[in-house]
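Asker: Each chain, written out:
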Amino acid sequence: MKKQHRFKFPTRRAVLVWAALSLGSATAFAETTLTINGYGGASWDAIAKYIHAPYTADTGVKVVNTTQPNLAQLKAMVESGEMIYEALELSTQEYVTAVKNGWLEEIDYSLADPENVQPPEAKKSHGVVFSTFSTIFGYRTDKFAPGKEPKSWADFWNVKDFPGSRAMQNSVTTNLEFALMADGVPKEDVYKVLATDEGIDRAFRKLDEIKPHVVKWWTAGAEPVQLLAEGEVTMTTSWSGRIFDLAKTKPVKAVWNQGIIDYAIMAIPKGNKLAKETMKYLTAWNHPERIAEFAKVTPYPNLVPGVENFLPPEVAANLPSTNASIQLAADSDFWDSRRDALLERWNAWLLE
Amino acid sequence: MHPSDDPGWAGKGWSMAFTAYFILLLIYLLLPLLIVIPVSFGEDQWLQFPPTSLSLRWYRSYFSDPGFIAATFTSFWIACVVSALATVIGTVTALGLSRTRFRGKSLLYGFIIAPMVIPIIIFALALFILFNQLKMTGSVAGLILAHVVLALPFPVLIVSAALEQFDTTLERAGRILGATPLRVFLHITLPYLAPAALASAIFSFFVSFDELVIALFITGRWDTLPKRIWSDLRLEIDPTIAAVAAILIAITLIGITAGELLRRWAMARAAN
Amino acid sequence: MMMNEQKQARSEGSAFWLLVPAILLLIGLFGYPLLKVLITSILDPGFTLAHYLRILDRPIYLTVLARTVEVSLIVTALCFLLGYPAAYYLAHCPPRLRTYLFLLILLPMWTSLLIRSYSWIVVLGKNGVINLGLIQLGLIAEPLQMLYTTGTVYLAMVQILLPIMILTCYGVMIKIDQGLVRAARVLGASAWRAFATVYFPLSLAGVSTGAVIIFILAMGFFVTPALVGSRQDIMLGNLIETQINQAVNLGFASALGLLLLAATIAVVMLFRAVMRWRFSHASV
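Protein chains in written order, with this note's numbering: chain A, 8 to 359; chain B, 2 to 273; chain C, 76 to 359.
Do not rely on the hints blindly, as some may be mistaken.
What the hints assert, rightly or not - Here chain C is said to cover these stretches of chain A; the calculated rule only asks that three of the stretch's residues, wherever they fall, bring their Cβ under 8 Å from a Cβ of chain C:
hint	stretch
1	150-164
2	222-233
3	237-246
Unchecked claim - Restricting the straight-line Cα-Cα distance to at most 25 Å, the calculated cross-link-like pairs of lysine-lysine (PhoX-like) are:
hint	chain 1	residue 1	chain 2	residue 2
4	A	K277	C	K201
5	A	K218	A	K130
6	A	K280	B	K136
7	C	K201	A	K155
8	A	K255	C	K201
9	A	K287	A	K277
10	A	K56	A	K199
11	A	K167	C	K111
12	C	K201	A	K82
13	A	K218	A	K155
14	A	K218	C	K201
15	A	K150	A	K167
16	C	K201	A	K260
17	B	K136	C	K111
18	A	K194	A	K287
19	B	K136	A	K277
Treat the hints as calculated values from the structure; they're not laboratory data. From a predicted model like this one, the values you see are computed outputs, not experimental measurements. Even for Gly, the Cβ is constructed at its ideal location relative to N, Cα and C.
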């Protein structure tokens with residue numbers, strides 16, 4: 008710790024005293040300490056409690072959380088070879104970008120999953136799926152007569168039969184897919200259609216239709232929940248996690264049909280000197296009973312089979328993984344190849 | 002300042018209108034507070050105004066989370082140091098700027114206020130690269146210095162404005178009457194600059210206390226308060242942040258009232 | 076006279092030392108690291124002007140820049156119009172009250188941006204206080220869409236930045252020698268004339284400091300407009316943020332950052348030139 012305070016300035020001593028006081032516990036490292044960089048918040052508190060603590064008890068390896076992974080930071084870190092953490096959380100798109108640029112270590116699954124617990128789709132060449140989440144839509148049940156509720160993106164787009172204002176995420180990813188499904192493209196063909204320029208034009212044309220009815224293009228995950236709770240909009244796209252909680256006290260329902268399921272991936276930065284130990288640490292995510300405890304706090308578990316067996320049925324029914332068959336899996340390769348141009352077009356489209 | 006200083010163009014009607022205007026403006030400024038305090042006593046999982054039922058749930062959630070409390074203290078402590086450093090360096094710089102004339106001065110001036118202009122995320126990235134090379138990522142000193150650079154434009158601009166009005170003949174008179182430069186500074190310049198320095202200190206404090214982006218990039222295992230709040234908000238809104246705001250507001254109110262009472266008591270004692 | 080000049084020169088020499096700490100700090104922690112990043116905007120990976128050509132090639136970047144400048148200017152003007160009378164009130168109210176009034180103005184700074192934007196939902200939303208009030212009064216039948224408009228962006232940004240204008244104006248007003256104003260009155264100037272010709276010019280230093288700070292800060296805003304604004308309320312900061320966090324195109328992000336910096340400095344310089352011209356003009 009001391010080495011880090013090489014700068015001399017008037018309060019140097021105060022800084023050292025404070026650092027010793029507040030970080031004292033962190034200096035007493037055991038033999039191996041792994042620092043894992045995730046997005047923090049309540050879900051990473053749960054990870055520390057239900058995934059990391061048992062792993063430390065099993066192996067003696069200490070695991071510390073740090074927050075806010077960031078690709079720009081990863082790039083700078085790999086280039087300098089100076090690691091400030093051993094593993095990090097990435098979205099699938101970030102993952103594809105990072106792999107392409109050579110910023111990640113290849114995973115040795117004889118270390119990360121020796122008992123072959125994880126399904127093949129969880130085992131990426133340079134990272135493991137450790138969490139799944141969906142982008143779906145929710146609506147106010149008090150605005151529609153029973154039996155006449157929206158069930159698909161076609162209904163979301165249909166403001167005649169399902170009147171009321173809408174909100175959508177300010178993001179080109181997922182929205183192009185939703186637009187095509189609303190336009191009648193079966194979910195299996197969405198990325199085939201998007202692969203052509205005509206397909207992309209078709210998606211934007213369909214988005215033109217809903218544009219006047221979208222009062223809010225949200226950016227923070229907390230916003231859609233708030234909008235539905237207040238009744239500010241009748242329908243909104245949303246991340247799947249909190250609508251279920253909201254439905255306990257508010258007339259709100261989630262529609263999983265045609266949702267888009269996506270992953271969060273745990274990956275190891277290239278040049279990590281503790282790469283082997285970190286790969287062994289990935290086994291911490293192979294216990295369904297521990298994942299289930301985590302899922303009770305944050306309903307975004309990984310793909311390990313058997314998690315549902317340890318959960319109450321109503322919780323299990325509202326997980327992205329249990330609704331996977333009626334959803335579309337995000338195609339991160341498509342987005343990686345087209346993102347830059349589509350982002351620009353999206354922003355210009357919003358301004359029109 | 003004395004009440005009789007009122008220049009007197011404001012008649013009674015004017016002064017009532019002024020007061021009414023000021024009250025309306027205060028309501029506008031205080032709106033978030035009028036809402037956040039009731040919300041913090043709610044029971045719901047999201048922000049709900051007015052709350053459907055009252056509870057201390059979110060206060061419990063704050064006080065039972067050591068991470069949150071540690072982050073609050075860290076932020077507070079760092080903001081105090083930043084405020085002191087930035088105010089001293091900024092005042093000194095403003096004095097230097099007002100007493101020198103050289104080519105490229107406006108360039109230097111631009112350089113000093115540039116941290117305020119440059120998109121903070123680019124500054125954060127630049128700092129990360131630098132600190133990573135120096136093996137200073139995760140150091141408290143690094144964050145403090147970064148915040149000082151970010152806050153510096155406030156004291157420089159505010160104190161410079163005050164100095165523009167400053168009559169240097171007072172200083173010269175002091176010097177002619179035999180006072181040392183230090184004495185002149187302590188007894189003439191400094192008291193004159195005190196209000197501006199105080200305003201600078203307040204702004205610098207909040208620049209550091211509210212700063213998120215740089216903290217996200219360069220702090221390691223420890224959290225500042227904005228960083229902790231941001232982590233919680235990424236996926237969901239959590240009324241704990243309403244409780245935090247209410248607690249901070251209460252502490253400020255108590256602290257400043259106590260300070261004001263103390264000041265009056267000291268003045269009354271001095272008068273006797 | 077000569078002695079005086081020499082003395083002045085000497086004290087000026089020592090005054091240079093006062094600038095050293097700030098210069099060192101800024102070069103080490105700001106200039107040097109930033110230069111490294113900005114160089115990447117033309118060296119990514121080899122020398123290229125592609126990033127700058129892209130800015131000129133697609134209309135969106137300059138459109139958004141123009142919008143950012145427009146929003147920032149309007150916010151600055153609103154802060155002046157609302158803040159100047161408030162600062163005046165503070166500078167001339169009984170000192171006992173002043174501490175508390177200041178406190179009230181600064182208190183909202185403790186609340187996070189998300190809470191602030193939430194409070195606008197409560198006030199302006201479809202089921203918000205204003206809509207419900209208007210419906211009860213029978214003035215409207217259907218709730219008005221007030222939230223998520225450009226108007227809300229101004230309302231929210233001014234609320235955040237206004238305390239700066241109040242404080243900087245107050246700092247200068249409190250120093251104005253009231254004797255000058257009274258002298259003008261005694262010499263027969265009307266109250267309004269005394270204010271316009273004596274008081275206001277003296278207070279301009281505070282106004283211009285506040286305006287510069289507010290304009291600069293407004294140019295960098297992007298979280299609040301995204302939270303409370305309409306889809307058209309994109310600021311240049313939003314585009315930079317996307318380039319760094321989503322596209323990881325640091326070269327292009329740096330080019331956009333430099334564009335923002337250049338535009339900000341240009342407007343501030345223009346403003347200062349106008350102020351200086353007005354000053355010299357007024358004294359003639």
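Asker: For this structure, which hints from the list above don't hold up?
Answerer: 1, 4, 5, 10, 11, 12 and 18
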